[in-house]
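The residues making up each chain are set out below.
2 protein chains.
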Amino acid sequence: MPKISEERKAERREQILAGARSCFAEHGYEGATVARLESAIGLSRGAIFNYFPSKEALFVELAVRDSARMSELWRNEGLEAVVREVLELDPAWLGVNLELIRRVRTDADFHDRIEARQQELVVVNRERLEEAQRAGEFRDDLEPKEIGAFVNLVLNGLALQRASGDEPPPAELVLRLLGDAIGGEARPGTRPRTPS
Amino acid sequence: MPKISEERKAERREQILAGARSCFAEHGYEGATVARLESAIGLSRGAIFNYFPSKEALFVELAVRDSARMSELWRNEGLEAVVREVLELDPAWLGVNLELIRRVRTDADFHDRIEARQQELVVVNRERLEEAQRAGEFRDDLEPKEIGAFVNLVLNGLALQRASGDEPPPAELVLRLLGDAIGGEARPGTRPRTPS
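Order-wise, the sequence lines are chains F and S. Using this note's numbering, read the first sequence as starting at 7 and increasing by one per residue. Using this note's numbering, read the second sequence as starting at 7 and increasing by one per residue.
For reference, chain F alone in the conformation it holds in the complex (with noise of 0.2 Å):
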């Protein structure tokens, strides 16, 4: 029955994904021992690297799902979910990112393989930056890799933010001034029209 094995494998990454995230974020990336991952994800160590080859390739799957989920996020329901979805991922798993930010800036072999993963969701992302420029969604004195860059600097300043658990601004003000650094004039929340 070659249809339920491959979906009993489908459930088994799945499960295998969301205990290594959760155990990931409870002892962060090098506090995961295997010990750990087996316990969390409650397969042998021998199941578990059946299916991901080592805790790296657990980790960087994890990872381009994140990027993958905000790219879709963002083309199905705008900038704003966006923003507020990250004001809502949990901090210890933000803070699993930020722990191998040394590793994706020493080990060039490490960065290019998330980065190949990645590739696809640049264009589509781009794409879709273009298509909200030209609907008026985004100012069009710039280019859209412009654009691109400040939000992905807003986003990235918020992840950082919450991994370190201080606060973060409300979502209404980033969106705000968000929208005043790179709305478009038909935006009803660019400055212009926001009374003083």
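Hints are computed from structural coordinates only; laboratory data are not their basis. The reader is advised that the hints may include incorrect statements.
The list makes no distinction among identical chains, and a pair is therefore deemed to hold if it is satisfied within one copy or across any two copies.
To be verified - The list that follows gives simulated cross-link-like pairs (lysine to any residue, SDA-like), each with its CA atoms no further than 25 Å apart:
(1) 61 - 109
(2) 15 - 60
(3) 151 - 171
(4) 61 - 35
(5) 151 - 118
(6) 15 - 28
(7) 61 - 172
(8) 151 - 172
(9) 151 - 97
(10) 151 - 173
(11) 151 - 131
(12) 15 - 120
(13) 15 - 74
(14) 15 - 59
(15) 15 - 63
(16) 151 - 88
(17) 151 - 91
(18) 151 - 86
(19) 151 - 78
Based on these hints, arrange chain S on the given structure of chain F.
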């Protein structure tokens, strides 16, 4: 000769801090073992820990000095100088700060020790913000703390991008969009005066 002795002590402290900073940057916080700190600083562990009780104390002192320098830069030269400075900080050192984010979030004592040291800066920065707002440098339809929160967000985002080794957006773009978000009407960079 107590005068000379105090001067020597101060010099020694600077020597220790400079060595610790480069050791942390090179090996990461966890990787900066006592043996590596001794070698980078050029002093024995006994001498080092005579000045700073722990590796953690070394890190906290360095982090607090960074904040103080940024605050001073902002007061003396303005926000543009701060943005340019963050764009020039050593990515490896920025990464050490992120490596400790988990600790800041989960270790309340550690969090409080850092925050206590920065309390004074929070007051100074707030005063500077209010002054700049009164002078028309920042928009007047937001609370100073709201403006400060957004500036922090952008600076944190820059720090995160640099720590990951990514190319951050150019200073001119960041300053222009930041100006459009929070600048006062008198500020030359604000959007209404920027040809689109």
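Comparing the hints with the structure gives:
{"no.": "1", "hint": "61 - 109", "result": "both (14 Å within a copy, 22 Å between copies)"}
{"no.": "2", "hint": "15 - 60", "result": "within (17 Å within a copy, 49 Å between copies)"}
{"no.": "3", "hint": "151 - 171", "result": "between (30 Å within a copy, 18 Å between copies)"}
{"no.": "4", "hint": "61 - 35", "result": "both (9 Å within a copy, 21 Å between copies)"}
{"no.": "5", "hint": "151 - 118", "result": "within (21 Å within a copy, 39 Å between copies)"}
{"no.": "6", "hint": "15 - 28", "result": "within (20 Å within a copy, 47 Å between copies)"}
{"no.": "7", "hint": "61 - 172", "result": "between (29 Å within a copy, 24 Å between copies)"}
{"no.": "8", "hint": "151 - 172", "result": "between (29 Å within a copy, 14 Å between copies)"}
{"no.": "9", "hint": "151 - 97", "result": "between (28 Å within a copy, 23 Å between copies)"}
{"no.": "10", "hint": "151 - 173", "result": "between (29 Å within a copy, 13 Å between copies)"}
{"no.": "11", "hint": "151 - 131", "result": "within (10 Å within a copy, 32 Å between copies)"}
{"no.": "12", "hint": "15 - 120", "result": "within (23 Å within a copy, 47 Å between copies)"}
{"no.": "13", "hint": "15 - 74", "result": "within (21 Å within a copy, 54 Å between copies)"}
{"no.": "14", "hint": "15 - 59", "result": "within (15 Å within a copy, 52 Å between copies)"}
{"no.": "15", "hint": "15 - 63", "result": "within (17 Å within a copy, 49 Å between copies)"}
{"no.": "16", "hint": "151 - 88", "result": "both (18 Å within a copy, 24 Å between copies)"}
{"no.": "17", "hint": "151 - 91", "result": "both (22 Å within a copy, 23 Å between copies)"}
{"no.": "18", "hint": "151 - 86", "result": "both (19 Å within a copy, 22 Å between copies)"}
{"no.": "19", "hint": "151 - 78", "result": "within (18 Å within a copy, 33 Å between copies)"}
The structure fails none of the hints (numbered hints given earlier).
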